[in-house]
Structure formats: structure tokens, C-alpha cells
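Note that the protein sequences, when read in sequence, are chains Z and H.
Per my numbering, the first sequence starts with residue 1, numbered consecutively.
Per my numbering, the second sequence starts with residue 249, numbered consecutively.
Some clues are possibly wrong.
[Stated by the list, open to error] Below, simulated DSS-like cross-link-like pairs (lysine-lysine); rule was C-alpha separation at most 30 Å, straight line:
1) H:K547 with H:K528
2) Z:K16 with H:K521
3) Z:K32 with Z:K196
4) H:K442 with Z:K231
[Claimed, not checked] Derived, one-sided and incomplete: chain H residues facing chain Z with beta-carbon distance under 10 Å:
5) S261
6) Q385
7) G494
8) V550
If you're looking for bench data, these hints aren't it; they were derived computationally from the structure.
Everything numeric in this text was worked out from a predicted model, so none of it was measured.
Ideal Cβ positions, reconstructed from N, Cα and C, are used throughout, including at glycine.
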Amino acid sequence: MKVLVPVKRVIDYNVKVRVKPDNTGVDLANVKMSMNPFCEIAVEEAVRLKEKGVATEVVVVSIGPQQAQETIRTALAMGADRGILIQSETDIEPLGIAKLLAAVVAEEGPSMVLMGKQAIDGDNNATGQMLAALLGWPQATFASEVAVDGASASVTREVDGGLQTLSVALPAVVTADLRLNEPRFASLPNIMKAKKKPIDMKTTADYGVDVAPRLTVLKVTEPPKRSAGIKVEDAATLVAKLKEAGVI
Amino acid sequence: MAVLVVAEHDGASVKDATNKTVTAALALSGDVDVLVAGSGAAGAAAAAGAIAGVRRVLHADGAALGHGVAEAVEAAVVPLMAGYDAVLFAATAGGKNIAPRIAARLDVSPISEIIEVIDGNTFVRPIYAGNALETIQTSDAKKVITVRTTAFAAAGAGGSAPVEAVAAADAAASAQFVKEEMVKSDRPELAGAKRVVSGGRAVGSAEEFNAVIEPLADRLGAAVGASRAAVDAGYAPNDYQVGQTGKVVAPELYVAVGISGAIQHLAGMKDSKIIVAINKDADAPIFQVADFGLVADYKTAVPELMAALG
Ligand SMILES: Cc1cc2nc3c(=O)[nH]c(=O)nc-3n(C[C@H](O)[C@H](O)[C@H](O)COP(=O)(O)OP(=O)(O)OC[C@H]3O[C@@H](n4cnc5c(N)ncnc54)[C@H](O)[C@@H]3O)c2cc1C
Ligand SMILES: Nc1ncnc2c1ncn2[C@@H]1O[C@H](COP(=O)(O)O)[C@@H](O)[C@H]1O
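Based on the sequences and whatever the hints tell you, model everything.
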């Protein structure tokens, strides 16, 4: 079976995000960008499915600027087979991304779309669910374990209160949570090999779907700052302070 | 404008997250209905009717709705949306799972985790792990929204809304519930708790987590939380994770034991009223947000704290 993995290029999770002084957004100039960590987990899972002989081909797709090629190359170095870059210089909302991905699914015909549960820039946690709905496919979000069994997959999900297991008929959309796996580091030989793997270059216009924004960002501001308090000497002083503050 | 709130419930009662979502809905409109979709959830439907400010409760009853499977809830909600301008879910694992599906079906851009309602089209939400807040305006005629529950007070009791049965449409059987393993606990629920004690990687093992973090939580009547590192290492169940991609909490008292204070963790607790940090590294970033910091080895500090609490 073919697995499609959508990957997003985002600000690296270690970077301290700064709001622009003019409140139009966050400062992305000269900051380190990486693959969204949840997408890395999705790529890892797809590659493991291939290594187990369950998946036959792993295709990664990214929608973003020219530089998102690097993100695709990272996935190829981890073991994905080929990439598709849909170039867009503007940010597209999850609804538009889901529509583009649905068009890619129509062309590629994967049995599973494995993707991140959330992109750590917009923190939307929406695209996978929307793609599943547009395709009329079942979804299994926040996966911590995926077992493919012929025409269906058994997926353990991280839910409020514990874990839930669903059985979804394939094709299905699965979104990865943190505990699904620990992504590998690409080895140098695999990074070299990835340079020769094909990336299909597309633009949003190639798919003829409406990706016009529905949301306007009026402003982006800093959250209220929390100032550091005091260090206390010992546990007894701590208890006294907490009583004073009225919280115990 | 008419607003539908999709309730989160256990069959017998509605979760506090729903009361908070109702508050956000009432900021949009006075016409707020609550949908209780479930299997044998008449108790929850009655409870929803008792929330102050609710106009009407819609009760969809069907076997497929028993476990909140997204496809089944979608089939119940989408037909109702002809009569509503907005649908709101709590931004819980359940709400986040379903809301975007509904949005896609309605061809709407969903708005995730709002913390403020400016007007019927304009909302504030955190982005980048809460390091920035965006004010966004939607041009969609219908709105699909999830609500960060820590940002809204719970609507109280005292309502007496009528309960009406609505159809539970058949959903495709392509997603089937198999089983669930829920963490049993007599402690308060993490998301709405007044006090939270969380343990981090420093705690070192599940046994130590049980022996040190849980008794302190019990002594304080607190819920138990954990950092991602503690959950990944198996010291605590996944459901305990506090942070950007776990639970967001804002208790009156948050005690972080052996947690460094990575931005992803702070994203889930920095709106707590009083933050206490116990960490042996005086330079740990957690101290930059802590009201009271104790630079100490937790192995001695926590027993001393238990003793001082009496
Ligand atoms: C995509 C993504 C999402 C994430 N989401 C989350 C999330 O939702 N929640 C979350 O928590 N993290 C999240 N993280 C992980 C986060 O970046 C940190 O790695 C994590 O929070 C660290 O956990 P920790 O503080 O327990 O461990 P560490 O950073 O290892 O800190 C341990 C601390 O314990 C102290 N210590 C050690 N021994 C003792 C002792 N004996 N007594 C007292 N103190 C001691 C140390 O000084 C140190 O400060 C996420 C990361 C990514 C990439
Ligand atoms: N621009 C994009 N290109 C490719 N995949 C994306 C893009 N945006 C979102 N995704 C996928 O959707 C997931 C969830 O993102 P979001 O709904 O934005 O939080 C990500 O982890 C990706 O797998």
C-alpha cells in the first residue's frame, strides 16, 4: 500500500518566538526552520511501515515556499521514496491545505495519509480531520500506536482520560501524537541518497482548488508577561507564603 | 445569531468544560442551545438543561454515538447546522477531534482554541505555543470554534431549558470503537482542577512518581500533571501531560517538581494564579515564571514540604 505523508516547514521548536513590533505577525527573518515535529513522527511511522513490508511506497508532500524542499529532503533522507512540493508564497489556512491534499490524494491514491496532529506554528490541530471529512474517509487522530491489518488499521489514540482504540477501514487519515515513535536521525549516506530522490514541483494553481483565505489576522500581540517571583529559603517559608497568598 | 454548543459528557453528567464553552457561546449570542449526543445519555441531557443561560437542549440518542467517534458525531451535528450560525466545542481531545470535520463539511475555516470573543466574527487565540496571540476575523457565514476552557468561567446552574429529541443520523461504519483504557482516579480532573502538582523527568521512575508526586497532590487536594519527558519515559500516563500539545491548565496553585520549564510546558500552565517550582538548578527557566521558587533536591524538599503542610 502507498502512504502519503504531508509535512510542514515551521519555525524550529527550540527558537524563541518574537512578535514583530508592528504587530503584524511573528519575526521569521533569519530564524531556524525545521520540519514540524509531529510531521517527523508521521514520516518515521510511514518509513517503519515500509520497513515492515506493510507499505510499498512513502510519498511526502509539502505546501509552502521554495525552501520547503529542504523539509521534503529531510523526509527523503529518513527513508521516504519521493516528494511533491506545492509552492505557495502565502500562508494557506488548514481548509485550503486540506483541499490541496485531497487533490493530491485523488492523483496518488494512497491507502493511508499519515500526518502530524498539529503544526507548532499555528497550533490549529485541524488539517487531518478536515482532509478526512473532505475525502469521506474515517480518521484516527492523536495516534500512539498504529497496526495495519489488511483492509483496516487498529489505532490507539491519546484521549482525555487515557487511551482509546479504534478500528478504521482503509483508506483512512491517521494523525500522529508524540508517543507514536521516536524519529530517527538521517545518516550521512541516506542524506546523500536523498539528493537523488525525485521531487515533483507543483504550484497551487495546478490543482484548481480554492485556497482563498477566510480569516484575516487583525493583529498579533505578545501575551501578558509573567514576572519571576521570589526564591524561598525552605519548605516552611514556602508554606507560609502559600498561606499568605490564600492558595492553601 | 443562534449558537450550538456540543456537550462533552459521560452519559450521566456534562463536563465542566461544557459549562465554560457555554460562557463563550453566551458572549456571541443569547440564543445558545446545547447538543448532547450519546447513547443512553438522558442524564447528561437533563444536566445540560440546568446550565444557566441555555435556551434548549437537543438530545441525539443512538448506539453509534456511545464513544464520541468523530464520524458519528459529525453525522449528528452537520444536519443541525442549517439552523445555527455557529457551533462551539471545548478544546479538549474530543472537541479538537470533531470540530474540524464539521468545518470541512460546512466549507468553513475552523477557529481553534479561542481565549476571547471580541465580536461575532472576531476572536483571540494563542499561536506558537502561546508565545503570541492573534486577533482574527472570519468572513465565513457560519463559525466552527473550539474554546480554550481555562479562558472562560464556567456557566453556573439554575437553568431549566427543555430537552428535545433530535435524530441520530446513521454514520458510516468505517470507524469502529474497539476499546478504551481510562486512568482511574479519585483526584480532581486535571483540566479544571484548582490545584495541580506536576512531576518532571527528574522524578526518575513510575514508582518514585507514585511515592512522591501523588502523595503531595493528595495532601493538597490537587490533580496530578506531568511534563512530556515524564510521560514519554512512562512515569505517568499520557493523559497527565501539561503543555502546548497536552492539557492546558490554569489552577490557583501549580506546583512543578523537577520540571525545567521548556516553552512547550509553560504553554500549558503559565496562566496559573500561583506557580511554585522545586528544582535543584537555580537557573532552570521554570523560575522565570514561578512566584515561589525553591532551589533544592526534590527528594528532600518534597518530604519537608509535606511535613510543613502538617
Ligand atoms: C512538538 C513538541 C511538543 C511538546 N509538547 C510538550 C508538552 O505539551 N508538555 C511538556 O511538558 N513538554 C512538551 N515538549 C517537551 C519539552 O520541549 C521538554 O522537553 C519537556 O517539557 C522537558 O520535560 P522536563 O522539564 O520534565 O525535563 P528536563 O528538561 O530534563 O528537566 C528536568 C529538570 O529537573 C531538574 N532536576 C533534576 N534532578 C532534580 C532533583 N533531584 N531535584 C529537583 N530538580 C531536579 C533539572 O534541573 C531540570 O531542570 C514538547 C516538545 C516538542 C518538540
Ligand atoms: N503547508 C502544509 N504542507 C503540508 N502539510 C501540512 C501543511 N500544513 C499542515 N499540514 C499537515 O497537517 C498537520 C496538522 O497541521 P495543523 O492542522 O495546521 O495544525 C501537519 O502536521 C501536517 O502533517
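Here's how the hints hold up against the structure:
no.: 1; hint: H:K547 with H:K528; result: holds (10 Å)
no.: 2; hint: Z:K16 with H:K521; result: holds (24 Å)
no.: 3; hint: Z:K32 with Z:K196; result: holds (25 Å)
no.: 4; hint: H:K442 with Z:K231; result: holds (23 Å)
no.: 5; hint: S261; result: violated (14 Å)
no.: 6; hint: Q385; result: holds (5 Å)
no.: 7; hint: G494; result: holds (9 Å)
no.: 8; hint: V550; result: holds (8 Å)
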